[in-house]
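Colleague: Please build the complete structure, drawing on both the sequences and the hints.
Listed below, chain by chain, are the residues.
Protein chains: 2
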Amino acid sequence: MFKDSLNSISPYKPGKSIESIQKISGKTDIIKLASNENPLGPAVDISAIACHSERYPDYTTHPFIPQLARHLGVDPTQLILGNGSDEILQMVALACISPGDEILSSSCTFSEYKFVAQITGATYVEAPMKDHTVHVESIINAITKQTKIIFIANPNNPTGTIITHDDVVQILNAASSTTLVVLDEAYAEYATHPDYTNAIDLIAQYPNLMVTRTFSKIYGLAALRVGYGMAQAPIIQGIQKVRQPFNVNGLALEAASMALKNHAFVERSLEINRLGHSFLRNALRPLDGHIPPSQANFLFIDFKTIHADALCDALIQRGVIVRSMVGFGEPTAIRVTVGTENQNQRFITELFECLKQL
Amino acid sequence: MFKDSLNSISPYKPGKSIESIQKISGKTDIIKLASNENPLGPAVDISAIACHSERYPDYTTHPFIPQLARHLGVDPTQLILGNGSDEILQMVALACISPGDEILSSSCTFSEYKFVAQITGATYVEAPMKDHTVHVESIINAITKQTKIIFIANPNNPTGTIITHDDVVQILNAASSTTLVVLDEAYAEYATHPDYTNAIDLIAQYPNLMVTRTFSKIYGLAALRVGYGMAQAPIIQGIQKVRQPFNVNGLALEAASMALKNHAFVERSLEINRLGHSFLRNALRPLDGHIPPSQANFLFIDFKTIHADALCDALIQRGVIVRSMVGFGEPTAIRVTVGTENQNQRFITELFECLKQL
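Chains A and B, in that order, are what the protein sequence lines are. Under the working numbering, the residue at position 17 of the first sequence is numbered 17, and the numbers go up by one with no gaps. Under the working numbering, the residue at position 257 of the second sequence is numbered 257, and the numbers go up by one with no gaps.
Worth flagging that the hints you see were computed from the coordinates, not collected in a lab. Where hints are given, some of them may not hold.
Straight-line distance between alpha carbons at most 27 Å, and here's what the computed DSS-like set of lysine-lysine pairs gives [claimed, not checked]:
{"hint": "1", "chain 1": "B", "residue 1": "Lys145", "chain 2": "A", "residue 2": "Lys23"}
{"hint": "2", "chain 1": "A", "residue 1": "Lys114", "chain 2": "A", "residue 2": "Lys145"}
{"hint": "3", "chain 1": "B", "residue 1": "Lys3", "chain 2": "B", "residue 2": "Lys27"}
{"hint": "4", "chain 1": "A", "residue 1": "Lys261", "chain 2": "B", "residue 2": "Lys3"}
{"hint": "5", "chain 1": "A", "residue 1": "Lys3", "chain 2": "A", "residue 2": "Lys27"}
{"hint": "6", "chain 1": "A", "residue 1": "Lys145", "chain 2": "B", "residue 2": "Lys3"}
{"hint": "7", "chain 1": "B", "residue 1": "Lys3", "chain 2": "A", "residue 2": "Lys114"}
Given the structure is predicted, the values throughout are model-derived calculations rather than measurements.
Modeller: Next up, the structure:
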């Protein structure tokens with residue numbers, strides 16, 4: 001019944017939810033630092049949003065797209081919305097991939113790239129990472145005539161590291177004009193490094209570049225599913241052809257529109273993230289671990305000798321949910337979301353307790 | 001950059017929204033009977049729903065799937081949720097279609113079937129309709145060795161007609177065991193005909209049947225995007241492999257869960273639909289038009305001599321949005337959603353005014 005390539009797809013393992021751990025453990029003081037969600041909550045109170053729930057969402061004429069375009073400094077024809085940026089990545093693959101095509105990305109990166117390759121029948125090629133950072137030379141060396149899409153997460157999930165604006169230019173210059181380079185900037189708003197990519201400038205210059213972002217992170221709307229892609233208009237026009245007419249729900253359109261105006265929330269989120277990074281790095285200094293420089297709202301911590309699954313299980317016993325990196329080919333590493341001050345302190349306390357016992 | 005088959009995709013034309021017509025016309029008393037939405041509104045007040053908007057939706061452990069399974073009398077392993085049933089149809093095609101495969105459906109039916117064929121590169125085969133009803137014999141005659149999926153809308157959108165339980169059995173018996181028969185029952189709850197399909201019985205008997213339904217119609221949650229598919233567990237397991245991990249948003253899970261408990265709303269919706277059908281049929285009797293028997297919340301009206309686009313434009317000038325069937329190959333027909341008593345009366349009044357002038 002099913003196509004042959006379906007067998008190769010292994011199911012995605014999301015971060016465990018607070019409710020599911022409550023059910024198992026009976027504990028009530030559980031914190032989740034496993035999915036890089038905003039510890040301050042959402043940028044908008046959705047119960048205050050008026051929405052005709054019975055009506056189909058009006059993607060085409062909703063004022064959110066022009067508003068977002070003004071916010072970014074692009075034309076509305078340069079934007080496409082998705083049911084989370086996950087769906088943008090899927091639409092890109094649906095629009096571009098024919099049998100025999102390759103999708104290229106880095107090792108130890110967001111699992112969605114491999115997933116969309118598998119569901120569209122593309123061959124997925126992984127260039128090796130270097131120092132927990134996307135390795136530009138390896139990416140460029142792995143480009144073939146069959147490379148149809150290159151996915152680069154910047155900052156990279158799960159390591160938090162970035163490649164610079166010039167690095168991205170190198171990749172764009174090496175890619176053929178019929179290869180779509182997709183820069184996944186889900187964590188862009190957190191990046192403060194002076195050499196971080198200027199997506200708007202790059203889009204103006206490169207007709208084969210698409211940049212994706214999301215309302216799930218800094219705007220705290222992961223439950224509602226809004227992501228967007230920006231590129232020159234012809235790219236957007238092509239990808240629009242595979243978009244389901246009602247892909248973004250009506251409440252999400254309203255919520256994202258309101259969230260975009262909440263500058264104070266974004267500022268508070270950045271500040272709490274900055275403080276959290278600094279606290280966690282200090283607290284983790286005594287450990288014999290390695291933490292690559294993160295420009296996102298999470299840290300990748302390699303403990304070198306401790307098995308990550310065992311550590312994550314022990315942390316869950318103590319009510320702290322973080323993510324094991326075993327599935328990313330990093331058996332001794334975890335990824336932890338930067339939380340509120342209390343959450344970070346709790347994580348550190350429980351972590352040190354666990355490490356004593358492991 | 002894009003795959004060749006993309007050129008063949010023509011964009012979907014959704015029903016025009018009230019807001020877009022307000023903008024154009026300046027009118028404020030606009031009614032929309034163009035998208036088969038519930039005229040009573042939603043089954044639940046979403047502003048009363050508590051939802052952690054910042055958290056990723058927890059598809060796997062959310063209590064909604066077990067609840068829906070109990071409601072339907074199936075096992076939770078027999079259900080899959082989608083971002084609307086649109087996405088279920090897309091997932092079915094993504095899971096099954098390889099190059100060279102065919103997708104078979106009827107002429108004058110829901111445009112989504114052709115769309116998912118186009119985005120997955122399947123050849124789309126249309127069997128001719130008879131008397132505005134899916135023609136079982138034509139469907140069966142059009143089955144080939146390449147037929148991978150058969151989509152049947154029952155009741156059919158846009159004609160409202162049904163095929164019987166025995167008709168569906170005939171199709172299932174004619175289809176090979178590796179052909180997935182998808183019965184799209186988006187309007188099932190409205191169907192009162194004694195010979196209408198019993199989906200649960202059929203699923204128990206046929207391992208190659210999937211039935212899809214939605215919360216967009218009788219539950220009035222079109223804005224939130226929740227649809228579901230039910231089938232024997234192995235089918236669901238296969239299709240789960242192509243499901244995006246966070247495809248159904250968190251608020252939609254909560255809302256659908258609450259809506260399912262609102263039996264009184266469903267009863268009221270059925271009653272208003274029954275009354276509306278009866279009023280509209282009586283009022284339309286003087287016209288020289290043809291209306292196939294509808295088991296859904298809309299009527300298909302063929303005026304035989306009047307061009308549907310012109311009629312729809314004239315109705316919009318008067319503040320009534322209905323759908324032209326020109327795009328469905330029916331140049332003299334419109335589809336109108338059964339509304340509230342006031343809406344139905346308004347439609348009839350404006351329609352007769354328009355007909356005088358056309």
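Colleague: Mind checking the alpha carbons of Lys3(A) and Lys27(A) for me, to see if they're no more than 27 Å apart?
Modeller: Violated. Lys3(A) to Lys27(A) sits at ~43 Å, over the 27 Å cutoff.
Colleague: Does the structure keep Lys145(B) and Lys23(A) at a Cα separation of 27 Å or less?
Modeller: 49 Å, violated
Colleague: When you check the alpha-carbon spacing of Lys261(A) and Lys3(B), does it fall within 27 Å?
Modeller: 38 Å, violated
Colleague: Does the alpha-carbon distance linking Lys145(A) and Lys3(B) stay inside the 27 Å limit?
Modeller: At roughly 15 Å apart (the allowed maximum being 27 Å), Lys3(B) and Lys145(A) satisfy the hint.
Colleague: Between the alpha carbons of Lys3(B) and Lys114(A), is the straight-line distance 27 Å or under?
Modeller: Holds, at about 19 Å.
Colleague: Taken at face value, is the distance from the CA of Lys27(B) to the CA of Lys3(B) at most 27 Å?
Modeller: 43 Å, violated
Colleague: For the pair supplied as a hint, Lys114(A) and Lys145(A), is the alpha-carbon distance within the 27 Å limit?
Modeller: 19 Å, holds
In terms of the numbered hints stated before, the structure departs from hints 1, 3, 4, 5, listed from lowest to highest.
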